Amino acid sequence: MERVHEGEDGGGGDDDVGFSEKFSYIMLEIYQVELLRESNKKKMEVMVMMMRDS
Numbered sequence: 000m001e002r003v004h005e006g007e008d009g010g011g012g013d014d015d016v017g018f019s020e021k022f023s024y025i026m027l028e029i030y031q032v033e034l035l036r037e038s039n040k041k042k043m044e045v046m047v048m049m050m051r052d053s
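Position one of the sequence shown corresponds to residue 0 (numbering that gives the first Met the number 0), numbered consecutively onward.
Note that these hints are calculated values from the structure, not bench results. This structure is a prediction, so every number in the text was calculated from the model and none was measured. Backbone N, C-alpha and C fix where the C-beta goes; we use that ideal spot for every residue, glycine too. Take the hints with a grain of salt, since some may be wrong.
[Stated by the list, open to error] Heads up, simulated SDA-like pairs for lysine to any residue below, C-alpha to C-alpha not over 20 Å straight-line:
| no. | residue 1 | residue 2 |
| --- | --- | --- |
| 1 | K21 | K40 |
| 2 | K42 | Y30 |
| 3 | K42 | Q31 |
| 4 | K21 | Q31 |
| 5 | K41 | D52 |
| 6 | K40 | Y24 |
| 7 | K42 | D52 |
| 8 | K21 | V32 |
| 9 | K40 | I29 |
| 10 | K41 | R51 |
| 11 | K42 | V32 |
[Unchecked claim] Simulated restraints on C-beta separations:
| no. | residue 1 | residue 2 | range |
| --- | --- | --- | --- |
| 12 | K41 | K21 | 28 to 38 Å |
| 13 | R51 | F22 | 39 to 49 Å |
| 14 | K42 | F22 | 29 to 39 Å |
| 15 | M50 | G17 | 47 to 57 Å |
| 16 | D52 | S19 | 41 to 51 Å |
| 17 | D52 | E20 | 46 to 56 Å |
| 18 | M50 | F18 | 46 to 56 Å |
| 19 | E44 | F22 | 25 to 35 Å |
| 20 | G17 | M48 | 26 to 36 Å |
| 21 | D52 | V32 | 40 to 50 Å |
Put together the whole structure using the sequences plus the hints.
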């Protein structure tokens, strides 16, 4: 592992970029899931309100 990093400085940099890209992608996925949950909660609340009214 160490030899590879000594030989290729660029390779190490690419790995770091790949990790940060993956990390931000994962964060985006989590964020989207949270947004979906929130919108689903609101939909449920609205449906419950409508059912109570009728």
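Cross-check of the supplied hints:
1. K21 x K40: Status violated; Cα separation ~29 Å.
2. K42 x Y30: holds (18 Å)
3. K42 x Q31: holds (16 Å)
4. K21 x Q31: Within the cut-off at roughly 15 Å; holds.
5. K41 x D52: Holds: K41 and D52 sit about 17 Å apart, inside 20 Å.
6. K40 x Y24: violated (24 Å)
7. K42 x D52: Between K42 and D52 the Cα gap is close to 15 Å, so the pair holds against 20 Å.
8. K21 x V32: Roughly 17 Å separates the two Cα atoms, so the pair holds.
9. K40 x I29: holds (17 Å)
10. K41 x R51: holds (15 Å)
11. K42 x V32: Within the cut-off at roughly 15 Å; holds.
12. K41 x K21: 28 to 38 Å: holds (31 Å)
13. R51 x F22: 39 to 49 Å: holds (44 Å)
14. K42 x F22: 29 to 39 Å: Given a distance of about 31 Å, which is inside 29 to 39 Å, the answer is holds.
15. M50 x G17: 47 to 57 Å: 49 Å Cβ-Cβ, so the 47 to 57 Å window holds.
16. D52 x S19: 41 to 51 Å: For S19 against D52, whose Cβ atoms are near 49 Å apart, the range 41 to 51 Å holds.
17. D52 x E20: 46 to 56 Å: holds (48 Å)
18. M50 x F18: 46 to 56 Å: holds (48 Å)
19. E44 x F22: 25 to 35 Å: holds (33 Å)
20. G17 x M48: 26 to 36 Å: violated (47 Å)
21. D52 x V32: 40 to 50 Å: With a Cβ separation near 31 Å, D52 and V32 fall outside 40 to 50 Å, so the hint is violated.
Of the numbered hints stated above, those contradicted by the structure are hints 1, 6, 20 and 21, listed in ascending order.
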